[in-house]
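Participant: Each chain, written out:
2 protein chains.
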Amino acid sequence: MAKEIRLNAFHMNTPSHSWAGLWQHPRDRSLDYTTPGYWADLARTAERGLFDGVFLADVFGTYDVYGGSRDAAIATGAQSPSNDPFMVVPFMAQATSHIGFGITATLTYEQPYQFARRFSTLDHLTGGRIGWNIVTGYLKSAATGMGQSTVRSHDERYDAGDDFMAAVYKLWEGSWEPGAVLRDKALGRFTDPARVHTVSHHGPYYQVEAAHLSEPSPQRTPVLYQAGSSGRGRDFAARHAECVFLNGQTKAIVRDAVAAIRRRAVAFGRRAEDIVIFLGATVVIAPTAAEARDLAADYAAHIDPIGQLALVSGWSGIDFAKYRLDEAIRHEKSNSIQSFVENITTKAAAPITPRDLIGFNGIGARGPFVVGDPAAVADELLSWVDETGVDGFNLARLVVPESLNALVDLLVPELQNRGRFKTAYGEGPLRRKLFPGDGPHLPERHAGAAFRHR
Amino acid sequence: MAKEIRLNAFHMNTPSHSWAGLWQHPRDRSLDYTTPGYWADLARTAERGLFDGVFLADVFGTYDVYGGSRDAAIATGAQSPSNDPFMVVPFMAQATSHIGFGITATLTYEQPYQFARRFSTLDHLTGGRIGWNIVTGYLKSAATGMGQSTVRSHDERYDAGDDFMAAVYKLWEGSWEPGAVLRDKALGRFTDPARVHTVSHHGPYYQVEAAHLSEPSPQRTPVLYQAGSSGRGRDFAARHAECVFLNGQTKAIVRDAVAAIRRRAVAFGRRAEDIVIFLGATVVIAPTAAEARDLAADYAAHIDPIGQLALVSGWSGIDFAKYRLDEAIRHEKSNSIQSFVENITTKAAAPITPRDLIGFNGIGARGPFVVGDPAAVADELLSWVDETGVDGFNLARLVVPESLNALVDLLVPELQNRGRFKTAYGEGPLRRKLFPGDGPHLPERHAGAAFRHR
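Protein sequence lines, in the order shown, are assigned to chains P and B. What the first sequence shows, in UniProt numbering, is residues 1 to 454, in sequence order. What the second sequence shows, in UniProt numbering, is residues 1 to 454, in sequence order.
Simulated from the structure, these hints should not be mistaken for lab results. Note that CB positions come from ideal geometry on N, CA and C, so glycine has one too. Among these hints, one or two may not hold up.
Stated by the list, open to error - Have a look at the derived ranges for each label pair, beta carbon to beta carbon:
(1) P:D438 / B:E380: 55 to 63 Å
(2) P:D438 / B:A290: 55 to 63 Å
(3) P:E387 / B:H197: 47 to 55 Å
(4) B:G231 / P:L187: 38 to 46 Å
(5) P:A450 / B:L182: 46 to 54 Å
Claimed, not checked - Pairs of lysine-lysine, BS3-like flavour, derived with a Cα cap of 30 Å:
(6) P:K3 / P:K251
(7) B:K251 / B:K422
(8) B:K251 / B:K3
(9) P:K322 / B:K251
(10) B:K251 / P:K185
(11) P:K3 / P:K422
Please build the complete structure, drawing on both the sequences and the hints.
Facilitator: This is how it looks when you write it as structure tokens:
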């Protein structure tokens, strides 16, 4: 039997996310992103569609590569302003009961002790529905905002990441043994102090000498998401990630990436299926193909080209303001998202121009762009799953709320009719829903399990 | 006309707060502190009573002075576990419309750039109901948890605090000019980049070189709470605080402290009434005096003496496990809460023993302990207001939820009948409610206003 696919709503606490300028669409209500109702509605809709999660991106900094300034990004609302992703999760959790929440957080600017507490608290309050998308941060504007003069190099960011992970595993998995929490009113004992251990972590980047502040939450370690797709990034993902967020525009590229990640995971003693892989995709769906085409054209007309170039300049580290719109992009050295730079330069089949980066059909989509009626969209998405080995999709935000409503009302029933999408949520915390048969905690074969108290 | 008093519910994201062990009371439901419903109920009850705010304490670390170990604190659930206070605020905000939220956050372990964004996000999502209780942190366990080998000295903590405040004022008040946000769909402009300014802060402790990530929230700077009551702490409060949280066990001590803070505020160019002063108090109220006495005795019997000594050892830095219960406490040097140490040693009228620190009637209450029927409690509380100049009270958590219910059902109507408590919330964000006539932003005479773009 062909496997059921998984879907996340890909969103961000900002006026426009993957597609700059769509907040300008007359029917879009993204300007309400600062209000609780916006987030409650988003989560309710995604849960109505039995989505696995709301995956919250974050950009800690402002894109300032295009034209050498942040002006394009902030003028067009291209991931600017960028508000804290943590704070919207409780509003979404309160409005729902099952859906998970993947929160992007940059470990570079955190301390494990404080960070682990924040996630434990949220995992408690949501009944174990929290995931963490591990990112290391590459924006110069974030570094200078945080009082640092330089951004760590690409590989060093991952070295620091391994160090950070060891520290948080110790806090989440090792500090409070099973059975440490008594909560015994008659005995007058909340905790058995003999089962709470000081974490002693003295790594090259991070130091912790303290017990974890929070009692164990339903999942202990949140479900771990990761999106690195460079060589070093894939090693990191294969070791730590339980969900991987992949971008890629051809099935060949995606198939290779999926195989490489699963192969490396197995080399680390894990199972190939221990990693759920989500491919980024943009889907415009309508009852008929003609309506879908019209809708896609309408949306495309509202993409802000300068805003979009501000985004892709930020992701790549290449200043596209220096290029004519139809000029071939040369390979440039960059300290930014390496996979994206490779995709638009050395790995591209034909020369890419800035014009290719602006619209839905161009490489700026970073993944499949699918337009059609429910049957055609389902056909296309399932072909990606079946031919590449991905498990599902992170579906990009378009016009809010109508695009997500359309996915829930049209795509989900079509997939269900084909037996390729669940008809009810599984039981338990997010990890158990994603990995039926596993417990709510990291499996023994995951790197984090080694940090448990023996 | 005598002034209306203000009330906050004083709480913490932990099993027991000011009074260790009350989670063990048969009717107490503090064990639910990890669930959203606990917080929603708390906020709804406090809002039903027209409380000004829920004031959330935080202890970033574990008390480990008593007996030289953390065991007493964690065994008895004395402010351990200690979960993140931020994450419960959205659950409380969602359940209410008017009440404010004061969040204790230790600036020592934060960076202004990231911190300012978190508060701006929360101020947006709550419609301007956020306050920040500025603390500098004094626990060694927090420092070592954060990878630091030492705690800054008392005075240096405040120097760093002044530096931190300058940086966040620049972000909140100066980075985005009024009029910077256009949100103009027709024009395709979210922001006028000419009105967004890079914050350039290069202080002795904190550096920021970036624009603020968030557009201005309803209040911009959250309402600033502060609790320092040493000399240096009072200077800090007089300069920055809009609300001061004071402890003190005699009217003479409190009156002097109030006068000193207001005098210093005036010296900084502010008005005496620019600071709303809340006195910490523990109140047991019941329909009759006899019932209140019985209730207080019942509660007192559930205070965990070892847990309570773990708390006061932590606050004072003095290990009371080294004393017999009836042995006079000597003055010891400490890097902890200086005012508390002074109150139990040099400033005490008679020698204080550990036994005095355990119960409601002792100095462990750190402020008035009031037991009685509604008329008697109102008399006593109003006498403190009228004789010391405080504006109201932070009312300590006792047995949840019945103690707060009793305050709302019995104390509030009594105060209203006397014309000493509001009968409806004022309009607008928290700052406007606390300072009627002022705007939602810091007044021009506040230190933070100097950081606005001119």
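Participant: In ascending order, which of the hints set out earlier in this document are inconsistent with the structure?
Facilitator: Hints 9 and 10 not satisfied by this model.
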